[in-house]
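Given the structure of chain A, go ahead and fit chain B onto it with the hints provided.
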Amino acid sequence: MNADDKFQQLWRSRKTAPAPDIKALLEKAAKVKGAVKRKLILSYVLLIATIFWACYIVAMSRPKMITTWIGVALAIMAILLYLASSAGLIKQLFAKGQEEVPVQEYLQNMLQIREKQRYLQRGILNAYFILLFSGLALYMIEYTSHLSITTTLMIYGAVTVWGLINWFYFRKKAIAKQEQSLGAVISKLEAVIADTKD
Amino acid sequence: MTIQNGILTKSPNSSISQQQAFDELYADYWDKVFRLCMGYVNDDDWAKDIAQDTFITVWQQLPNFRNEAAIGTWIFRIACNNCLRQLERSSKFVRKEVDKADEGPVVNEDEVNFLYQCIATLNETDRLIISMELEDVKQAEIAGILGMSESNVRVRVHRIKEKLTEKFKAYER
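These protein sequences, in sequence, are chains A and B.
Quick note: the first sequence uses our numbering, first residue 1, plus one each step.
Quick note: the second sequence uses our numbering, first residue 1, plus one each step.
The hints are simulated quantities; they were obtained by calculation from the structure and are not laboratory data.
Being a predicted model, the structure only gives us computed values, none of them experimental.
Built from N, CA and C at the ideal position, the CB exists for glycine as well.
Do not rely on the hints blindly, as some may be mistaken.
[Said to hold, decoys possible] Some, not all, of what chain B presents toward chain A, calculated at C-beta under 7 Å:
(1) Trp30
(2) Asp31
(3) Phe34
(4) Asp44
(5) Phe55
(6) Leu62
(7) Cys80
(8) Gln86
(9) Glu88
(10) Glu111
(11) Leu134
(12) Val137
(13) Lys167
(14) Lys169
[Said to hold, decoys possible] Only pairs whose alpha carbons sit at most 35 Å apart, straight line, appear in this in silico DSBU-like list of lysine-lysine:
(15) Lys167(B) to Lys197(A)
(16) Lys163(B) to Lys28(A)
(17) Lys6(A) to Lys138(B)
(18) Lys169(B) to Lys173(A)
(19) Lys6(A) to Lys173(A)
(20) Lys163(B) to Lys6(A)
(21) Lys169(B) to Lys197(A)
(22) Lys48(B) to Lys116(A)
(23) Lys177(A) to Lys197(A)
(24) Lys15(A) to Lys167(B)
(25) Lys138(B) to Lys15(A)
(26) Lys48(B) to Lys6(A)
(27) Lys173(A) to Lys161(B)
(28) Lys161(B) to Lys6(A)
(29) Lys172(A) to Lys28(A)
(30) Lys163(B) to Lys188(A)
(31) Lys48(B) to Lys197(A)
(32) Lys169(B) to Lys138(B)
(33) Lys161(B) to Lys23(A)
(34) Lys15(A) to Lys163(B)
(35) Lys173(A) to Lys163(B)
(36) Lys28(A) to Lys138(B)
(37) Lys177(A) to Lys169(B)
(38) Lys15(A) to Lys28(A)
(39) Lys116(A) to Lys177(A)
(40) Lys15(A) to Lys188(A)
Extracted from the complex, chain A is given alone in its bound form (with noise of 0.2 Å):
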């Protein structure tokens, strides 16, 4: 026997595991549908929740200067922004009927998601910190404009450190984390894209 031939029995001898039951596999498919889109409505729910308790403080403390007010509706646009740019990939990701373009297309659109991914991350991670602290500054204006000088620069001084840590230390742990993950299969599929190409 040739070593074709060889290789072929080889190959077709190779125990398969059992086709698992067709009403099993169409409920799988179904499941799938629903485990993506259960993780999209908590998210949801998880935002309107936010909003609200936001809503809530602001009302029961009824805060009257307006840097008060800029201050919560910056802090509630980060939490959106951050959770609508997670809510559009997810919806990418799962687009209907990508699995059937030829291969090349198809690493192609997911090279394009995961560096839309990366560039929105880290956009979106920068705005969100600068939203949140911005908001969070000028939502303690009206609360630290009865209160000394030292003590005023006390407080902003702390939240000036702390926001200097997330941001040179978090930030920067959460970009390299993703980085390291995003990155890693970026660099696969550019090298699996380079070797299909002839």
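Chain B only, in chain A's frame:
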């Protein structure tokens, strides 16, 4: 919907015939798709998951299938894309198998497992090419599925087989 010589013909009574056509495809292609996935990931459970995802897409997209390619080519294309989607999950798992096979001839493993392990040492594209070649998919179709030229596929099949032959010679020694 009925399948004759790999061509799907549509009939007016679509929902019942779609189920029948799918049943037929599922029975004919499950083993082939599973082996292709095994060639790619070399892990039973993982391969089963990818094969299942492939048939879920086949079921969902069957009503839109336009006969632009033979149905088998279409299924293999979906399977290949699903395999490559695993790049997003983890590349470490596949590499683990690669390292194991690179250590040299495997003892206490039969030839079948050895073949699959050798295939796991290849890069992503080569794994798909050889899996389809061993599944008797025509080289022109492989080229169409992967978006490569036929001559490139032919050269690569030749190189892969040479590599496999060398590994088997060392294994048998």
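Practice task
Give me the numbers of the hints this structure contradicts, sorted from smallest to largest.
Solution key: Per hint list: 6, 8, 12, 13, 14, 16, 18, 19, 27, 29, 33, 35 and 37 violated.
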